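Visitor: Add chain D to chain R, keeping to what the hints say.
The lines below spell out each chain.
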Amino acid sequence: MAASSLTNVFSDIAEMFEIANPAADIKLVFAGSGSLREQVLDGAHFDIIATANQDVMDTLVEAAEVTDPKVFARNVLALVSPIDRQPPISSLNQLRESNLLVGVCIETVPCGALTFDYLTSAKLRPNIVTKEQNVRSLLTKVLENELDAAFVYVTDARLHPDKVISIPLSPNYLKTANYPIARATGSGTNEFSLKFLEFLSTDNVLSLLISYGFLVP
Amino acid sequence: MKSPPSVQRLPLLVLLAAGTGALFLIIPIIGLVGKASWNSLLLDLKNELVFDALKISITSSIAAALLAVLLGTPLGITMARITTRWSIVLRSIVLLPMILPPVVGGSALLFALGRNGIFGKPLFQSTGLILPYSWAGVVIANLFVALPFVVLSVESGHRSLDRRYELASASLGAGANRRLASITLPLLRPSILAGGLLAWGRALGEFGATITFAGNMPGTTQTLPLAVYGALETDRQLALAISLLMVSLSLFIVITMRQHWWTRR
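Those protein sequence lines, which keep their order, are chains R and D.
With our numbering applied, the first sequence covers 1 to 217.
With our numbering applied, the second sequence covers 218 to 482.
Simulated from the structure, these hints should not be mistaken for laboratory data.
Treat the hints with care, as some may be off.
Said to hold, decoys possible - Computed footprint of chain D on chain R; a stretch qualifies when at least three of its residues, placed anywhere within it, have a C-beta under 8 Å from a C-beta of chain D: (1) 106–113; (2) 118–130; (3) 144–151; (4) 173–184.
As the structure is a computational prediction, the values presented were derived from the model and not from experiment.
Note that CB positions come from ideal geometry on N, CA and C, so glycine has one too.
Next up, chain R with everything else stripped away, as it sits in the complex (with noise of 0.2 Å):
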């Protein structure tokens, strides 16, 4: 089970490891890490959790579901906008116009609580539009056009440099998302499970990681 700003990362990992062990055959779930949390609490069956928020992941520890969980990734916000606006957003300045059309993510998932506490820091107050559940349904309003910026992951951005512009936000606020990973508490008749983890440390992986924008520990 794994976050859905995990989605592409992860299925190319799950490739890797599947061609280095024929014997494995990993089955992905991704969800919102809030969504996620849930789907365990519920009693779903998984061995690997991954989430993109500390909080969801300390609950599923509390709750004796999962063991040793180990940060393998973080990610920033970025703030994108349409490639092909007329004119061009190139400031954070301009998203003070009360005539933009801004999109984040709601405050309870992980990119919005990022999002609302860098907007109140930075003493921002955009014209939000629309507040989405998960950040790939808001990356679709960018490339649809409309949107005029969003705030993603840095990863997302990555994901179309041919479609969205990103806009540089100011360091001092940026907070970094991290994603930790843990084993199911029962799960210890699947022999994969700690090589799967001990698989994510190996250079392969780290630079796949870094390729799509995630920064490593």
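Guide: Below, chain D alone, put in the same frame as chain R:
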């Protein structure tokens, strides 16, 4: 009046299957009612988010249902009378939103009516009007999924009309407008009402097209179903409370519909 055939005459297998079907439909509702904490229910519902979502849900679904009646009735009447092969084309157009996944419908609306859409772009450039992210956008998404219900109800109602009334009034010299206003529409009233109620119910429960086309903004475009979706990730009790609110609203529509059918008989 002929008395209806007795239930006891039905084969056991039919009764068993019927019972299973009914059970299957009621089990999720039992789950919902069973998991709710009734003590805090009212407290959960007494917050601004729920109140705003309720307001938007009610106003936008009623607006969509009224528009559906206004546009769907003429369309239904026309469809009932068309005899050429165009009726197949028209019928497919009307049925499509019922079968299409609402998310696809919402994306289609965005591509057509969004600020950068085929029709939305000229609209935006000439008037500055942006339909997504607005209450009007919610109504449009609702209307797209609800309109077919009125059309089909009116069409089937029209097909079972006794044409002799119209022919008689025509022979007495009534023009097309007069016939429509004093014969056809009054006779179609039950079908229009039933279609309108179904459309209202469908609009009230709309989720996929709304979140895709109108976005999710508490206080502006967040309807009750969108609020449930959001609350599921954060506050299960709140999600349950809003769900129960939606069940009661839907029951209200169903009961209204039943009463209407009973009085007709």
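Visitor: Does each hint fit the structure? Answer for all of them.
Guide: Hints versus structure:
1. 106–113: holds (count 3)
2. 118–130: The restraint on the segment 118–130 of chain R holds, since 3 of its residues have a Cβ under 8 Å from chain D and three suffice.
3. 144–151: This one holds; 3 residues, not fewer than the three required, reach chain D with a Cβ under 8 Å.
4. 173–184: As far as the segment 173–184 of chain R goes, the hint is violated, because 0 residues have Cβ atoms under 8 Å from chain D.
Hint 4 from the earlier list is the only one contradicted by this structure; the remaining hints agree with it.
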